[in-house]
Amino acid sequence: MKKITSLLFATAMLLSIGAWAQEKAVNPSEFHGAVADKKSYKVVYQLNSDDDKIIKATMKNIMNALEDPRLKGKLQAELVVHGGGVAVFKKTNSYESQLKALQAKGVILAECANTLRERNISKDELFDFISFVPSGNGEIIIRQQQGWAIVHP
Amino acid sequence: MKKITSLLFATAMLLSIGAWAQEKAVNPSEFHGAVADKKSYKVVYQLNSDDDKIIKATMKNIMNALEDPRLKGKLQAELVVHGGGVAVFKKTNSYESQLKALQAKGVILAECANTLRERNISKDELFDFISFVPSGNGEIIIRQQQGWAIVHP
Amino acid sequence: MKKITSLLFATAMLLSIGAWAQEKAVNPSEFHGAVADKKSYKVVYQLNSDDDKIIKATMKNIMNALEDPRLKGKLQAELVVHGGGVAVFKKTNSYESQLKALQAKGVILAECANTLRERNISKDELFDFISFVPSGNGEIIIRQQQGWAIVHP
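Chains as they are written, first to last, in the working numbering: chain A, 3 to 155; chain B, 3 to 155; chain C, 3 to 155.
The hints are simulated quantities; they were obtained by calculation from the structure and are not laboratory data.
Check the hints yourself; a few may be wrong.
For chains that are exact copies, the list does not tell them apart, and a pair is met inside one copy or across any two.
Here are the simulated lysine-lysine pairs, BS3-like style, with alpha carbons at most 27 Å apart [stated by the list, open to error]:
1) Lys102 with Lys55
2) Lys125 with Lys74
3) Lys76 with Lys40
4) Lys74 with Lys44
5) Lys125 with Lys102
6) Lys125 with Lys62
7) Lys92 with Lys76
8) Lys44 with Lys55
9) Lys92 with Lys55
10) Lys41 with Lys55
11) Lys92 with Lys58
12) Lys93 with Lys55
13) Lys92 with Lys74
Quantities reported herein were computed from a predicted structural model and do not represent experimental measurements.
Input sequences plus hints: build the corresponding full structure.
Dropping the structure here:
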């Protein structure tokens with residue numbers, strides 16, 4: 003008898019957890035919003051802050067966009083870094099693994115050369131797997147005029 | 003005599019207030035800037051902060067855009083909320099009336115489902131008149147690639 | 003002998019400084035990023051903060067974009083100011099020379115008239131060489147829908 007009670011209790015637990023999870027999560031059938039009917043999408047992300055929270059949020063945001071079921075396998079992204087954002091590319095900081103994970107998904111990692119000159123930063127202080135653009139602002143503008151979206155988290 | 007003096011004084015007061023108001027306000031004839039010659043306009047607003055000032059400014063900005071004489075009756079807007087911005091949709095917060103005023107003007111209210119999962123927030127904690135998108139970042143990107151403008155206040 | 007030693011020392015110094023400068027700077031041949039093959043580019047910059055650092059960064063960003071070798075002589079920019087950003091246009095503040103330098107390069111300086119009304123600011127408190135738009139948000143939206151890029155530093 004005790005066994006049956008235990009079993010019933012466990013089943014009730016499982017059912018209630020299931021119900022809780024279902025109520026908690028948003029069911030994909032409830033999703034609304036834009037329909038992605040194009041073959042490919044392009045976006046430039048702007049990072050100009052040395053705030054650790056913003057740096058991490060920006061990298062997570064790019065990953066979320068790449069993993070969005072509507073965009074998966076169809077999105078080309080570029081991270082354009084200028085001003086204080088250069089922190090994300092410094093060897094002495096701890097963002098290497100997240101950056102490499104993004105690069106493995108095709109994300110272009112671009113540093114503003116103006117920022118290096120203005121802040122007297124040597125490119126040797128930065129990861130060697132990044133690329134450089136004359137100005138981050140110019141890059142953002144040209145990309146948009148080529149049809150890329152812009153996100154500044 | 004005293005009556006006439008009072009009357010003159012009151013008139014002078016009114017005239018000077020009128021002059022002051024006129025000098026103070028920008029006369030519509032002084033407006034420059036873009037000419038809106040399209041039939042319809044579309045914009046997505048990004049909100050990813052839980053800062054009360056930014057939340058209120060974002061909602062006010064949308065309202066100002068909807069009321070801009072150049073856009074009035076021609077603008078479709080969507081508020082895309084992700085990250086900390088989810089605060090605006092929480093039942094325990096006090097933004098319900100402003101949100102409903104925006105919705106009454108056709109503004110789409112969209113919450114990022116990723117944020118709920120990452121922050122362990124149940125959709126029951128949020129107003130029931132909002133809608134959900136798989137990721138806020140994906141939504142912003144797709145909308146822009148469909149020709150919508152983006153504003154991040 | 004001492005003379006020769008000094009000369010050798012000075013030469014070694016110069017060479018090492020040269021090498022250091024070369025290593026430090028990003029060589030233009032190392033630039034990657036977007037190619038600017040259009041005849042003209044247009045961008046609207048959004049400023050809605052009274053933070054001195056953000057105000058200065060925004061003006062420097064515009065200048066950097068105008069000076070980007072890819073965009074030089076081909077970029078039309080507009081600075082749209084709303085909310086707290088109105089600080090940049092106040093006569094009592096110290097941004098006049100930078101603003102005039104931007105204006106000399108063709109940058110349109112546009113203040114949101116809504117902000118003046120909401121904050122009870124007289125246009126007489128602002129520099130007389132700026133222009134006004136009914137709403138900064140409307141301006142940003144219309145410009146984007148006319149094909150301008152947007153940057154919010």
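For each hint, the structure was consulted:
1. Lys102 with Lys55: within (19 Å within a copy, 31 Å between copies)
2. Lys125 with Lys74: Classified as between; 25 Å across copies, 33 Å inside a copy.
3. Lys76 with Lys40: Cα proximity of Lys76 and Lys40: in one copy and across copies (9 Å, 25 Å).
4. Lys74 with Lys44: Cα proximity of Lys74 and Lys44: in one copy and across copies (12 Å, 25 Å).
5. Lys125 with Lys102: Within one copy only: 18 Å inside, 34 Å across.
6. Lys125 with Lys62: both (25 Å within a copy, 22 Å between copies)
7. Lys92 with Lys76: So Lys92 and Lys76 fail the 27 Å test inside a copy (30 Å) and across (33 Å) alike.
8. Lys44 with Lys55: within (25 Å within a copy, 31 Å between copies)
9. Lys92 with Lys55: both (16 Å within a copy, 22 Å between copies)
10. Lys41 with Lys55: Answer is neither; intra-copy 33 Å and inter-copy 39 Å both fail.
11. Lys92 with Lys58: both (14 Å within a copy, 24 Å between copies)
12. Lys93 with Lys55: both (18 Å within a copy, 26 Å between copies)
13. Lys92 with Lys74: neither (29 Å within a copy, 29 Å between copies)
Checked against the numbered hints listed earlier, the structure breaks hints 7, 10, 13; every other hint is satisfied.
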